[in-house]
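Residue numbers (our numbering), protein chains in the order written: chain Z, 256 to 528; chain E, 648 to 897.
Be aware that one or more of the hints could be misleading.
[Said to hold, decoys possible] With a cut-off of at most 20 Å between alpha-carbon atoms, the simulated DMTMM-like pairs for lysine to aspartate or glutamate come out as follows:
{"#": "1", "chain 1": "Z", "residue 1": "K432", "chain 2": "E", "residue 2": "E703"}
{"#": "2", "chain 1": "Z", "residue 1": "K432", "chain 2": "E", "residue 2": "E821"}
{"#": "3", "chain 1": "Z", "residue 1": "K432", "chain 2": "E", "residue 2": "D679"}
{"#": "4", "chain 1": "Z", "residue 1": "K432", "chain 2": "E", "residue 2": "D889"}
{"#": "5", "chain 1": "E", "residue 1": "K722", "chain 2": "Z", "residue 2": "E435"}
{"#": "6", "chain 1": "Z", "residue 1": "K432", "chain 2": "E", "residue 2": "E881"}
{"#": "7", "chain 1": "Z", "residue 1": "K432", "chain 2": "E", "residue 2": "D794"}
Honestly, the hints are just simulated from the structure, not real lab data.
Since this is a predicted model, take the numbers as computed values, not measurements.
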Amino acid sequence: MTAIDVSPAALAQQGDLRRKRFLKMGLIWALVLVFIGWCVQGTIIEDTDWSRIGGRNGILASVGRYFSLDLGLLPELVIPTLETFMMACVGTVLGCFFSLPVAWLGAANVTPSKAILYPVGRFLMVLSRSVHEIVWALIFVSAVGLGALPGILAIAMRSVGFISKITAEAIENIDAKPVEAIRAVGGNQFQVMYYGILPQIYPVVLATVIFEWDINIRRSAVMGLVGAGGLGLLFFRQMNSFNYSGVSMVIVAILLLILLGEVISHYLRKAVI
Amino acid sequence: MAVLTVKDLKVRYSAKGPEILKGIDFEVQDDDFLAIIGPSGAGKSTLIRCVNRLVEPTAGSIRLLGEDVCSLNAKALRNLRRNVGMIFQEFNLINRMSVMDNVLSGRLGYTGNIRSFFRAFPQDDVKQALYYLDRVGLSDHINKRADELSGGQRQRVGIARALMQRPKLLLLDEPTSALDPKISREVMALIRDIARELKVPALCNIHDVQLAKEFCNRIIGLQDGYKKFDGATETMRDADLDVIYEMEVL
């Protein structure tokens, strides 16, 4: 082997750099491990009622109770499944309506007032998304009572954040040239939006709405946990009466409904784009 | 008779920004096909957009069709804009709409919101649109989407849209600079012929001096916000061009 000739200074510098990097990475990994360990200590180790878990067989037996289907529940499933589906649809449509003004306020290039209303629009977007749908549902159950209506309102409120944010961003990215043309022919505000802006944003908005609708089917399936109608309510009742195979039956229904939503939204999206 | 009279027009886009137009005076007569030439950054686009207040003038006065443009409220301004057809450098079409709908959009100033929403333009407008589409040579492309057309064809859609307004003045903002030389000449000839036919005066930004000399009866030369030349096309000498293009801005 021929000796290779390198500068000793460069070699020393490399050694130094590599040693430092090794130490730095080691330190980071150690910190991550300590942090995870601290979390596990606080949650799993201290917070679990170990005496009540029982042995391995006990756990398996508890889980095993879910591995059967209560087919007798089938007739009772039809209406709540339909209701869940309808809640998702109506909630999404309502969410779109609420999203329109929010997107209008929160899009920098069309907002009526950059100083006051633009931040309001942006705040509403964040508010909608930072409050969980179950929390929205709890609020509306206490406001309008039990049933599908609070669920629909909760889904609508929760949908606003995403739809309006994407819509506002699409509005901010439009090409200003058609807008100028519509202003130049003497078009009013509405015509400028409808002819100048809407044709440019609708593919994005529609795809977003379909995506949101797909998610809303999932959301509406759990609304019933807090009394806001749909399959969730049935789920809750089966759980309370310890009918574990009934619980599984509801889960299967939810699964099928979500799959159906996936399939529909897949084809819808294809049709739109 | 003067259709448009501009006096001492000054524009700056922001309070601290540079002055784009520094006191421009000119008139457009009812039989003019008036070219505005000048280097990029001279203020041609700004000037033409002041006429229908797509850009707000900072100072000066504009009289268009007997009205004081600068003092109009929003509604009156929209009504005035209906009389001013505008043709753009990049056509400014609505790409996702059909050629027909783009042409019909020229009537929006006369169309209520409900009709606009359903794109339910009156039969007469549709008839008119078919006529103008035929006039600009697009009869075979009526139902295509605007973005399926070539550049020259798109500009023809833009022309038809402007004609739908039955304009009393045409504003042309570099109508040919996105087109190749042959198509440019065809498009300019088409606009000039139609303007003559309908007896509509035109104000045309154009950076191609050759085209300006060929198609326009009068020329205004702008440079860095000042008017450096104003006269009949045949009176313009090379020395005038040297003055106009003496200093490139930007």
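These are the hints, each one checked on the structure:
1. For a cut-off of 20 Å, the pair hint linking K432/Z to E703/E stands: about 17 Å separates their Cα positions.
2. For the hint linking K432/Z to E821/E, the alpha-carbon distance of about 14 Å falls within 20 Å, and the restraint holds.
3. A distance of roughly 27 Å separates the Cα atoms of K432/Z and D679/E; the hinted pair therefore is violated under the 20 Å criterion.
4. Using a Cα cut-off of 20 Å, the hinted pair K432/Z and D889/E is violated, with the two alpha carbons roughly 33 Å apart.
5. With a CA separation close to 17 Å, the supplied pair K722/E and E435/Z stays within the 20 Å bound.
6. Distance restraint check for K432/Z and E881/E: the Cα-Cα separation of roughly 35 Å exceeds the 20 Å cut-off, and the hinted pair is therefore not satisfied.
7. As the CA atoms of K432/Z and D794/E are separated by approximately 14 Å, the hinted pair is consistent with the 20 Å bound.
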